[in-house]
Amino acid sequence: MSQIFHPAMNVVARASIFGFVIILIFVGWVGATLDRSPYFTNQGIVKDQPVPFSHEHHVGGLGIDCRYCHTSVENSRFAGMPPTKTCMTCHSQIWTNAAMLEPVRESWRTSQPLQWQRVHNLPDYCYFNHAIHVNKGVGCNTCHGPVNNMPLMYQYASLQMRWCLDCHREPEQFIRPREQVFNMNYVAPTNQLELGRTLVEKYHVKKEQLLNCSVCHR
Amino acid sequence: MIDRCPHHHEEPEERLSAPSSPSPGTPGEGRVRALPQQPTSSISPTKLLPLPYRVPAQRDGKGGGEGVAQNFWRSFEELTQSPDFEKHLHREFPPDASIWKDGVTRRRFLALMGASVALAGLSGCYRRPQEKIVPYVIQPEQLVPGIALQYATAMPLAGYGKGVIVDQQMGRAIKVEGNPRHPSTLGGTDVYMQSAPLALCDPDRSQVPTNRGNVATWSGFDNEFRATVERFGGAAKVRLRLLTEPVTSPTLYAQIQKLRKTYPNLQWHQWTPLSNDSARNGLQAALGRDASVIYDFSKATRILSLDSNFLQDDPGSQRYAMQFIRNRTVRWKPETMAAHHEQARVNEPYTVVNPLPSPTEMNRLYVVESAFTISGAKADHRLAVKPSEVQAIGRAIAAEVAGTATALAGDLQQHAAFIRAVAADLREHWGKSIVIAGDGQPASLHQLAHTINATLGNVGQTVLYTEPVEPEPVVCLDSLRDLVHAIHNKQVDLLLIVGGNPVFDAPADLDFAAAVETVPWRAHLSPYLDETSFHCQWHLPESHWLEMWGDIRGHDGTVSIIQPLIQPLYSTRSALELLATIAGDGATSAHDLVKNHWANVWKNDVDRRWEAVLRAGVIEGTAAKTINLPAGQTAASTQPATSPAASPIEISFHSDPTIFDGRFANIGWLQECPKPITKLTWDNAALMSSATAISLGLADRDHPELANGKMVELKVGERTLRMPAWVHPGYADGVIVAHCGYGHTRLGRVANGAGFNVYSLRTTSAMHSAPVTVQKVEGTYPLACTQNHQLMHGRDIVKTSTIANLHEHNAAHEEEPIALEGEATEHGRRVKLSIYPEYDYRGYRWGMVIDQTACIGCNACVVACQSENNIAVVGKEEVMLSREMHWLRIDTYFSDAGRLEDEPAQRAAGAEVMFQPMLCQHCEKAPCELVCPVEATSHSFEGINEMTYNRCVGTRYCSNNCPYKVRRFNFFNYSSPEPSLAIMRNPEVTVRTRGVMEKCTYCIQRIDAERTGRKIEQVRAEERGEATTMRTISADMRGKLEELPATTHLTACQQACPTEAIIFGDMNDASSFVHRLKTAAEYQRIHYGVLTELNTQPRTSYLERLTNPNPALKIGAAPASPSARAGGAA
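As you go down the protein sequences, you meet chains A and B in turn.
Position in the first sequence (from 1) plus 591 gives the number in our numbering.
Position in the second sequence (from 1) plus 629 gives the number in our numbering.
If you are wondering where the hints come from, they were derived from the structure by calculation, not from laboratory data.
None of these values were measured; they are calculated from a predicted model.
Heads up, the beta-carbon is just placed ideally off N, CA and C, and yes, glycines get one too.
Possibly wrong hints are sitting among the right ones.
[Claimed, not checked] Some chain A residues judged to face chain B by a derived CB distance under 8 angstroms, without partners named:
no.	residue
1	S628
2	F669
3	M672
4	P673
5	W699
6	P704
7	R709
8	N712
9	Y716
10	F719
11	A722
12	Y794
13	S805
[Unchecked claim] If we take Cβ atoms under 7 angstroms as the criterion, some of the chain B residues that face chain A in the derived model are:
no.	residue
14	R757
15	V763
16	P764
17	Y765
18	Q768
19	Q771
20	G775
21	S1567
22	Y1578
23	V1648
[Said to hold, decoys possible] Here are the simulated DSBU-like pairs of lysine-lysine, each with C-alpha atoms no more than 30 angstroms apart in a straight line:
no.	chain 1	residue 1	chain 2	residue 2
24	B	K1119	B	K887
25	A	K638	B	K1344
26	B	K1505	B	K1594
27	B	K1254	B	K887
28	B	K1061	B	K928
29	B	K928	A	K797
30	B	K1232	B	K890
31	A	K797	B	K1669
32	B	K866	B	K887
33	B	K1669	A	K793
34	B	K890	B	K1254
35	A	K798	B	K1669
36	B	K1405	B	K1505
37	A	K676	B	K761
38	B	K1232	A	K798
39	B	K1344	B	K1405
40	B	K1254	B	K1232
Just chain A, same shape as in the assembly:
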């Protein structure tokens, strides 16, 4: 019986075996890269909003405290979005004719709420609680980034689970004194680890518990 495969097929076989492995690795790499890319995480992407609200101007420029608008951040899981009335406390007096603010005035006139595009969106099975974080010394800009320098709001962090776990595993790397939580210009001291360990102790942060699934998922 004659030989079925030509000897050259050895090369083809080797090439296809290795080639298949390489293709698999490549596909895996593409998938992993895509998954971490802003295409899926929305990290760093600015969204069209009904009003081009500038945190840079209001926070960085005017120095308005975060809690002036995000009123429930210290008490509720939801930080709170300002009702139109909050905008109108100032804008009924200043910039009353600015075209940019027409949607706000319209909302006030018609009692129809503004519809903001959500920037930080966690999956529905994640239960993030703002109150416990800000009360235990996690600063606003630790997660939200330099909001005081953002003319238009974007998502600073990837918000992927591994990013959450960075802090849940070692909160001492990020925790700061409670009175500094809303300070946008806070700079971590050089002895952050040392300070962090003291604060973890002081604020009764239970490190082992932070890794329980039910802390975030339920």
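Fit chain B to the given chain A structure using the hints.
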């Protein structure tokens, strides 16, 4: 088990003596308590975990050398060891539950697997849809997004109110809890209250008025009403009839009074199908005047119920249940846990008043009944009789009590021991007993009950008479009959039916549907476009009570304000708004009507009182006034007994324990909730004893269960109804029990076609029971019963003992070692022998104790769990495949009334019922955790067995490995995408999708909210230099446990329970009640874990069911009556 089972050496003998019992080792051994196992190694599991001393389960009067053991079983299938059952037992789900049966080749399988693996990876790759945040324009005061607000309101049910507190999240009513301040509930709830969020969001609710079947408007209705009134001669002349449910609401009554002025010819009728007519008539006869009666079970030590299901059917049932149970089990101060919950905020620890009641302190309940109700299940002595026999037994007891007894009539001879023992016991407890008759019994029996109470000096002590709670009490049946007569006599021009569904539930011989068609103009206000609406020109959609203003009285007359949680979802009106409109008050809002009414009552300080009343949920001092009776008035002449006609077979009509009179038939939660004791879902059936079924030729003597689902034709007078039969232990022979409310034809998608309309057999002459002829007909009907689902193979699971036994065996065993869950002890020394990982609980350590003495099996916890945790409804077909999703179920066990060699019918005749709420036990050594390939279920540092849905890939290994069968799998996407249902879901709990396992989480969302809140408080308080309320750490654990804030939250099931049978808390907090129950010596005699021989070390443990039987009565004397044997021999 070996050391705990004093009669274990008898069991091999009893097996030998039992002809039908299989040899040990066959699958059949699951039928009875597991055989004593020989220790396979030097360390037997029982030695490892020396459970607290167990009192013999055997009961007085049943022991002896007859080889009678206390056997527990769950169904006839189990009792008779039917081969199908054995097959079923070895599978958690029936064969159909496997998706692929045959016909899938290996190649096809691999292809599918390959595709699914590839696609599984892709399913994670999608971009989340862009969401919007929509803030308020002006944010309401007090509203904080993400934090629930609580509002006190009241749920009206057939005219009476039950106080509730409703959790509201951003304007959505999420969860209903009992209001501890309300006298009718004391903080407890029932299934109807718990199902309110679904009732509010039911997509089948009617949304707009309809005029002759066409969509219309409210202004169209108002105009047509005015025009029609003019057509019939104007307001002064029009013969307007108003048909409502019983009315207790002061404001609504005031509106009706106003209507009467506007329309002088107005006649008002009240109708509800399961009314308390006979109770009212009996009371009228006893006192010579209209009155209401309330009972004080907290002072009663002996209770005789004559066909009364006071634990479920009374407007004050939750109160009665709480008081009844408090005299039965572990007692503490404050009197209720809800009160403790309030006090705990000021750090007042529990004080245990009475760890275990003594036999004289513990109350004793005798029940004579025709159905098998939860009151009967809690009875120490239960006598199952025909409805017509109750009266005679009552009279015989009355005569014994009064000392005028003569020889008992022939039929009563078989109950002689019971009658004498009950009478003697009642006499011994002068002024501390209650005799209560059921609504299904004639007025003469009610009068008799009042007479006995008077003779026993109970009046003024445990039985209180008050002014009538209803402003114009009527006998509903007479009222409806008058209306129909008036219609026939052409005396009705306009008929306004406000609430209710009389076409569906009126007595069949009145033929209300035909009568109502002859009324020239008629309108019906109701939440659904139902059978009655179909027969009216106008259907008017009714507001749900969560979206309306109103007021209503509780069982004792206390008024609650009904305040809305939400604006009406649809174009609806409440009864008050409708009546106000036609009375010319249409411009005034319902809020103003109610407030103005009370402003007129209060005169001054109105705004402050109004605010206070809205906060409290009740108006203090509005309870009906007690009537002080001249001595001896109730002992007046007794009217002659009017028993229902006796007959070989009698039918007894009852309200359904989950859908009530049919008004809740479209609520999926309630349809799927297994009915107490029978465990039927989605249908009703003709319930009967096995002997009855055998005598009707539906089954043979060895396998009575074969009758289940076979169609029978019931004939009452000239009316017939075909419905399936269902044999059930504990029913009297010759009784068919049928629950009303099923068989809707036009209510909604859930209700239509479910069950059989028993109202079609009810007539004005036989409202509650009637002679019936039963005939077997061709055909079977599939019934979905959950009783045989998630079986635990007959292991030693429920435990029961008598209080007398308990105290007898008390002294010898007080120095038993005490084991907390998580610590196995041997001779008082901690030993840890397990391959499972060890945890050190320095923080919170959650645990639960369930008191089986207190559990009345009412299902409130089951529906509460469903509401709190977004648990899906799966439908009848899926239930039949054991796919129901309830995280918490109430297992029902029957105790054997006979001997092993007896026939099933005899063994079942006098069976006692035990309830065991079964939920995830949160095992310390959880078998489910180690088998999960993706760590979707894991152990938390507070001891909770966590379930992470987003990790779960649906292998179901955990469920296979769970000995308690408490894990549930989403075989399909059960959560309905119906938009209206989205607003009822609890936003704190993930809505699960297909392919995910789920189970009880100990309400992790509530734990999380409590822990988060307390810790924030703690950090803030420390910063201010203030002290926080910390948990108590016992001396021996000081230094080993963390100082943490004390917690006071409740799980959903615990909060819902009317009898506080479920106790949850931090086991590391020495002042918590759960810690006391799990560690203190006085409870160890009754405290046990289920299946602890597997060394799972469950965190949920149980207190044994305690009963207080009368030593003068032998257990099982009542049943196994001659008729049972006769039936069996037929």
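Each hint tested on the structure:
Nearest Cβ of chain B to the Cβ of A:S628: about 11 angstroms, over the 8 angstroms cut. The hint is violated. Here the hint on A:F669 is kept, as its CB sits about 4 angstroms from the closest CB of chain B, short of 8 angstroms. Below 8 angstroms, beta-carbon pairs count as interface contacts, and A:M672 has one with chain B at about 4 angstroms; its hint therefore holds. About 6 angstroms separates the beta-carbon of A:P673 from the nearest beta-carbon of chain B, less than 8 angstroms, and the hint is met.
Checking A:W699 against chain B by beta carbon gives a least distance of about 7 angstroms; that is within 8 angstroms, so the hint holds. For the restraint placing A:P704 at the interface with chain B, the shortest Cβ-Cβ distance is roughly 5 angstroms, inside the 8 angstroms limit, so the hint holds. A cut of 8 angstroms between beta carbons decides the hint on A:R709: the least distance to chain B is about 4 angstroms, and the hint holds. A distance limit of 8 angstroms between C-beta atoms decides the matter here; for A:N712 the minimum to chain B is near 5 angstroms, and the interface restraint holds.
Checking A:Y716 against chain B: minimum C-beta separation of about 5 angstroms stays under 8 angstroms; hint holds. Annotation: A:F719 was flagged as interfacial toward chain B, and the flag is violated, the nearest CB pair being 11 angstroms apart, outside 8 angstroms. Hint on A:A722 holds. Least Cβ distance to chain B is approximately 6 angstroms, under the 8 angstroms limit. Contact between A:Y794 and chain B, as hinted, is supported at the beta carbon level, the nearest pair being about 6 angstroms apart and thus within 8 angstroms.
At its closest, the beta carbon of A:S805 sits 4 angstroms from a beta carbon of chain B; the interface hint therefore holds under the 8 angstroms criterion. The beta carbon of B:R757 is positioned within 7 angstroms of a beta carbon in chain A (closest approach about 6 angstroms), and the interface hint is therefore held. Interface hint at B:V763: satisfied, since its Cβ lies 5 angstroms from the closest Cβ of chain A, which is below the 7 angstroms cut-off. For B:P764, the interface hint holds, the least distance from its beta-carbon to any beta-carbon of chain A being 4 angstroms, beneath 7 angstroms.
Because the smallest distance between the Cβ of B:Y765 and any Cβ of chain A comes to about 4 angstroms, under 7 angstroms, the interface hint for this residue holds. Proximity of B:Q768 to chain A holds as hinted, the smallest CB-CB distance being about 4 angstroms (cut-off 7 angstroms). For B:Q771, the shortest C-beta to C-beta distance to chain A is roughly 12 angstroms, which exceeds 7 angstroms, and the interface hint is violated. The interface hint given for B:G775 is met, as the beta carbon of that residue sits about 4 angstroms from the closest beta carbon of chain A, less than 7 angstroms.
Because the closest C-beta pair between B:S1567 and chain A is about 6 angstroms apart, less than 7 angstroms, the hint holds. The closest approach between the C-beta of B:Y1578 and any C-beta of chain A is roughly 6 angstroms, which is under the 7 angstroms cut-off, so the hint is satisfied. With a least beta-carbon distance of about 6 angstroms to chain A, the hint placing B:V1648 at the interface is held under the 7 angstroms criterion. Distance restraint check for B:K1119 and B:K887: the Cα-Cα separation of roughly 25 angstroms lies within the 30 angstroms cut-off, and the hinted pair is therefore satisfied.
In summary, the hint linking A:K638 to B:K1344 is not supported, as the alpha carbons are separated by about 72 angstroms, beyond the 30 angstroms threshold. For the hint linking B:K1505 to B:K1594, the alpha-carbon distance of about 20 angstroms falls within 30 angstroms, and the restraint holds. Under the criterion of a C-alpha separation no larger than 30 angstroms, the hint pairing B:K1254 with B:K887 is consistent with the structure, at around 25 angstroms. In summary, the hint linking B:K1061 to B:K928 is supported, as the alpha carbons are separated by about 6 angstroms, within the 30 angstroms threshold.
Our distance criterion of 30 angstroms between C-alpha atoms is broken by B:K928 and A:K797, whose separation comes to about 49 angstroms. For the suggested pair B:K1232 and B:K890, the alpha carbons sit about 24 angstroms apart, so the restraint of at most 30 angstroms is met. Restraint check for A:K797 and B:K1669: satisfied, since their Cα atoms lie roughly 15 angstroms apart, inside the 30 angstroms limit. For the given pair, B:K866 sits about 16 angstroms from B:K887 by alpha-carbon distance, which is consistent with the 30 angstroms threshold.
For the hint linking B:K1669 to A:K793, the alpha-carbon distance of about 19 angstroms falls within 30 angstroms, and the restraint holds. A hinted pair counts as satisfied when its Cα atoms are at most 30 angstroms apart, and B:K890 with B:K1254 qualifies at roughly 28 angstroms. At roughly 17 angstroms between alpha-carbon atoms, A:K798 and B:K1669 fall within 30 angstroms of each other, so this suggested pair holds. Restraint check: the Cα-Cα separation between B:K1405 and B:K1505 comes to about 25 angstroms, which is no more than 30 angstroms; the hinted pair holds.
Straight-line distance between C-alpha atoms of A:K676 and B:K761 comes to about 19 angstroms, which keeps the hinted pair within the 30 angstroms bound. A C-alpha spacing of about 60 angstroms is found between B:K1232 and A:K798, which places the hinted pair above 30 angstroms, so the restraint is violated. Distance check on the hinted pair: B:K1344 and B:K1405 sit about 11 angstroms apart at the alpha-carbon level, within 30 angstroms; holds. The suggested pairing of B:K1254 with B:K1232 holds, with an alpha-carbon distance near 21 angstroms, which does not exceed 30 angstroms.
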